[in-house]
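First residue of the sequence shown? That's 1014 in this note's numbering, and the numbers climb one at a time after it.
There may be inaccurate statements among the hints.
Unchecked claim - Derived EDC-like pairs (lysine to aspartate or glutamate); straight-line CA-CA distance at most 20 angstroms:
hint, residue 1, residue 2
1, K1471, D1453
2, K1442, D1410
3, K1485, E1274
4, K1186, D1200
5, K1416, E1401
6, K1416, D1364
To be verified - Distance windows between CB atoms, simulated:
hint, residue 1, residue 2, range
7, P1107, R1397, 24 to 30 angstroms
8, E1151, E1181, 55 to 61 angstroms
9, D1168, Y1392, 42 to 48 angstroms
10, Q1177, G1241, 46 to 52 angstroms
11, N1129, W1192, 29 to 35 angstroms
12, G1227, Q1478, 45 to 51 angstroms
Everything labelled a hint here was simulated from the structure, so no lab data went into it.
These figures come from a predicted structure and were not determined experimentally.
Beta carbons are placed, not taken as given, at the ideal position from N, Cα and C, and that holds for glycine.
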Amino acid sequence: MTGKKSISSSSQEGRRKCWWAAIFLVLASLAFADSATINRPKREFVLPDGIEIVGESLTFDERPNVPRAVKIREAKVSYDGAQLWRVRPAEEQPVLASDVISEFQDTGLFSLWSGNDTIVDIMVRQEEIPRAARVLKEKNARYDVIIDDLQKAIDEENPPLSPQAMEELEGRKGHRMEWTSYHRVDDIYGYLDFLAETYPGVCSVMTIGNSAEGRPLKVIRISNGKPGVPALWIDGGIHAREWISPAAVTYIIDYLVENSESLEADYYILPVVNPDGYEYTFTSDRLWRKNRRSYSGSYCTGVDLNRNFGYRWGGKGTSKDPCSDIFAGSGAFSEPETNAIKNFFEASAADFKAYLTFHSYGQYFLYPWGYDSRVPPDYADLDRVGQEAAIAMKKADPTAASKYTVGNSATVLYAAAGGSDDWAKAMLKIKYSYTIELRDTGKHGFILPARYIVPTAKEALAAVQVITEACKSV
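Generate the whole structure from the sequences, applying the supplied hints.
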């Protein structure tokens, strides 16, 4: 009994010692881990490229900007190896086959850039080049390669100003606009606001609506207050990829403000009709054309805003397919951008005599009608003033001596219903309604290098001056 009791006590004592040893080891390991955590340098969490946290604007438990979601940014579209082709009929044929242009628009094989029934410019992606060549051969058409690598042209198009140069420009002028490079929406809007603040007796800025993604649509009014003068509407950037358009329009704004004392008209100018699409061409897809409206039931995005106006909507040269570059929308003025323009004119008391919308490219001076090969009753006046403007544009840059072709939209180019110029002429009864396609004639197409901004903008300004004179006698 005594021996058993002694053995049992010894065993219990041993177990107690083991427990205390285990507890000591656990506490020691925890202390070491805590010390290591305290002394370990912090590593900052870096979001992977293409992901951003979207902040909630409302507070939650007294904590502002609580992350509510992550947003995956789209990868930037590359045009490596893609080419621009100029398609012509075979030598024995005067024009291209009648179904060629429609087939270019309806199939995913080509992207139509510009053209008519004798010459068509198409963009072909690298992987489609062999097939595209076979199709054109079957259509009895020939082609020349105008740009052999679109991505290379895009990379060289708009050399950015250095951050130091931008800071110096903003500090010296109070804004970041200049005309040696293409600028994004914030720079353009900042410039408009600067003008309104600096020259309140001449300039005022109004927001006439918001885009599909909520960006403001800013119109600047330039007037020296003279009574009884005509009003002109000028817009640019309705098609996102046509960068030269907003650049030329802002150049016109700069000239009008600098020469405001001698103005004999009031100008209402919307430099970027399609701010969502325009911004998207900088961040995601340089060749995007439409707005950025999403339609339920389709994985495709965007409406061609120049097919969305309420005159002959849905006619020739339009599509009901949301994936098409010429998708006209769900109805006339279905888009917030076009609807804002309509509402502005319905509310305005200004005496509008001209409606000028700047596009690119091709060097055309076009008047209605665009919906079909017909002309309005006063087409002779439209043609005469257009010819005068074309002469002035040629003289604006004697070195280039750019030739602008004047004529009816549907005849010179192709039928396109639902255009803004047709609507302005037919529904608003504005005398001088024109679509002006700026440089060039195809060497660069939409990818016009920034070094051509100023000479092209001078041509656009010359056209505005001629039309302003014509408006005085209406």
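Right, here's what the structure says about each hint:
1. Distance restraint check for K1471 and D1453: the Cα-Cα separation of roughly 14 angstroms lies within the 20 angstroms cut-off, and the hinted pair is therefore satisfied.
2. Using a Cα cut-off of 20 angstroms, the hinted pair K1442 and D1410 is violated, with the two alpha carbons roughly 33 angstroms apart.
3. In summary, the hint linking K1485 to E1274 is supported, as the alpha carbons are separated by about 17 angstroms, within the 20 angstroms threshold.
4. This hinted pair checks out: K1186 and D1200 have alpha carbons roughly 13 angstroms apart, not beyond 20 angstroms.
5. Among the hinted pairs, K1416 with E1401 is consistent with the structure: their alpha-carbon atoms are about 12 angstroms apart, no more than 20 angstroms.
6. In summary, the hint linking K1416 to D1364 is not supported, as the alpha carbons are separated by about 31 angstroms, beyond the 20 angstroms threshold.
7. The given range of 24 to 30 angstroms is respected by P1107 and R1397, whose C-beta atoms sit roughly 29 angstroms from each other.
8. Separated by about 57 angstroms at the C-beta atoms, E1151 and E1181 satisfy the suggested range of 55 to 61 angstroms.
9. For D1168 and Y1392, the Cβ-Cβ distance of about 43 angstroms falls inside the hinted range of 42 to 48 angstroms, so the restraint holds.
10. A hinted range of 46 to 52 angstroms holds for the C-beta pair Q1177 and G1241, which are about 48 angstroms apart.
11. Remark: the range hint 29 to 35 angstroms for N1129 to W1192 is upheld by a beta-carbon distance near 31 angstroms.
12. With their beta carbons about 36 angstroms apart, G1227 and Q1478 fall outside the hinted range of 45 to 51 angstroms.
Hint check: violations occur at hints 2, 6 and 12; the rest are consistent with the structure.
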